[in-house]
Amino acid sequence: MTRRARAPAPPLSTEARILEAAEELFCSAGYTGVSARDVAERADVNKALVFYHYGSMRGLFEAVLERYYVAHTKGLADALAGGGSVRERMHRLVDAYLDFMTTHARYATLVQAQLSNPETHSLVEKSYEPLYRYIEAALLEVAPKEGRAAARQLFVTFSGAVINWCTYAPLLSRVLGSDPLKPPLLEERRAHVRWLVDLVLDALERPAGKRKRLT
Amino acid sequence: MAKAAASKLDLSGVRDRILASARTEFADHGLAAASVHRIAERAGATAAMINYYYGGKLALYETVIDEAQARQLACLAAAVASGESKGLASRIAVAYFDFLAQERELQRILLREVLDAREGGHEHAIRSVAPLRALLEAQVPSRDRDRTVQLAISLFGAVAGYFLYEPVFTNALGEDALGPRRLAARRRHVLELAAMIEEAMG
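In order, the protein sequences belong to chains A and B.
Quick note, the first sequence lines up with residues 0 to 214 if you use our numbering.
Quick note, the second sequence lines up with residues 193 to 394 if you use our numbering.
FYI, nobody ran anything at the bench for these hints, they're computed from the structure.
Glycine included, every Cβ here is placed at the ideal spot set by N, Cα and C.
Among the clues, some could well be false.
What the hints assert, rightly or not - Incomplete in silico selection of chain B near chain A, CB under 7 Å:
#1 Thr255
#2 Ala344
#3 Ser346
#4 Ala350
#5 Gly353
#6 Gly366
#7 Arg380
#8 His381
#9 Ala392
#10 Met393
To be verified - Estimated spans, in silico, between C-beta atoms of each pair:
#11 Lys278(B) x Ser34(A): 42 to 50 Å
#12 Pro372(B) x Gly83(A): 37 to 45 Å
#13 Arg230(B) x Glu19(A): 31 to 39 Å
#14 Arg337(B) x Gly82(A): 34 to 42 Å
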């Protein structure tokens, strides 16, 4: 009822309707669990239009992932923009990463399922790359390009610390006894990841002579 | 033809070949989609032999997990035992890194269970946590256990995440992320990270 009272949203283009339907279906059934017919039915369009707009199911899947990674990258860029010390901005970056993954945990699962299969990992490569480039560039503000604490190494480490918390949520909730994607466990994780960021920033800020092995 | 016939007659080591073939098959396809015929074919055996030696697909799956897990656990336990409590994080992290550099099937099998978990169905993955947890908890005072869980998850992510996302890193770097140069660089980072953690924890 309340929905009717609101002004109607502008109608989506056929292309966008197909994309939305595909997104929903892929997230719940996985890449191989969805047919063009499923997408067409859900989007209420002719099956031929799925192929007309996206070429193939592979093309459609890649378009879904591309949209996801664009939104993901924008979320991080928004968090990093604005004032504050480097430390505050890095905290905002990992907070935004954690929040985005928590609200898009099904995507993380979808992506890892493709990555863990040698036949499908190439589906992810193209759409993932801009996110990787963006974060590496952001981390180059605080970390060197090469070496033991290189920006690209930190990217893998921080994203691993965040993503695995979300993809392993079904296991963690059984092992830890409550939902890791909700407080208090989510906040415990956030505090830990921030601590990890501080640890690395402290090490990077230490004068070269006092660094143990950092290069 | 001659080759196939020869390998069918070669019964010595057939159990091991089945196990190795099954490890690959389960890692690539998961339990439900794995094909006993593909496992048999790759091992130069037959589906009947798999039933005879292992008692069917699920039993074979569990044998694959148990066998790989015993090896992984032995490798981590050796790392724990090889020094003082100082340096423990570095030793465990790098031992796990070296294990994954050698073989990733177990990690992929258990990950797949978790990714496919809708309403349960990831019992083996859940069970795999207990011995690892026991190994760690024996090393840290009980007041540090919550922090240890968080740290273990981060180090796990830093190590396993690299291998899982390896295809995208290879693509983005334009260089084989599993080649010796990149692997060595990652390993140095993991050691550095563990050392930072140890230093911060005193």
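Outcome of the hint check:
no.: 1; hint: Thr255; verdict: 21 Å, violated
no.: 2; hint: Ala344; verdict: 11 Å, violated
no.: 3; hint: Ser346; verdict: 4 Å, holds
no.: 4; hint: Ala350; verdict: 4 Å, holds
no.: 5; hint: Gly353; verdict: 3 Å, holds
no.: 6; hint: Gly366; verdict: 11 Å, violated
no.: 7; hint: Arg380; verdict: 5 Å, holds
no.: 8; hint: His381; verdict: 4 Å, holds
no.: 9; hint: Ala392; verdict: 5 Å, holds
no.: 10; hint: Met393; verdict: 9 Å, violated
no.: 11; hint: Lys278(B) x Ser34(A): 42 to 50 Å; verdict: 57 Å, violated
no.: 12; hint: Pro372(B) x Gly83(A): 37 to 45 Å; verdict: 40 Å, holds
no.: 13; hint: Arg230(B) x Glu19(A): 31 to 39 Å; verdict: 37 Å, holds
no.: 14; hint: Arg337(B) x Gly82(A): 34 to 42 Å; verdict: 38 Å, holds
When each numbered hint is compared with the structure, violations occur for hints 1, 2, 6, 10 and 11.
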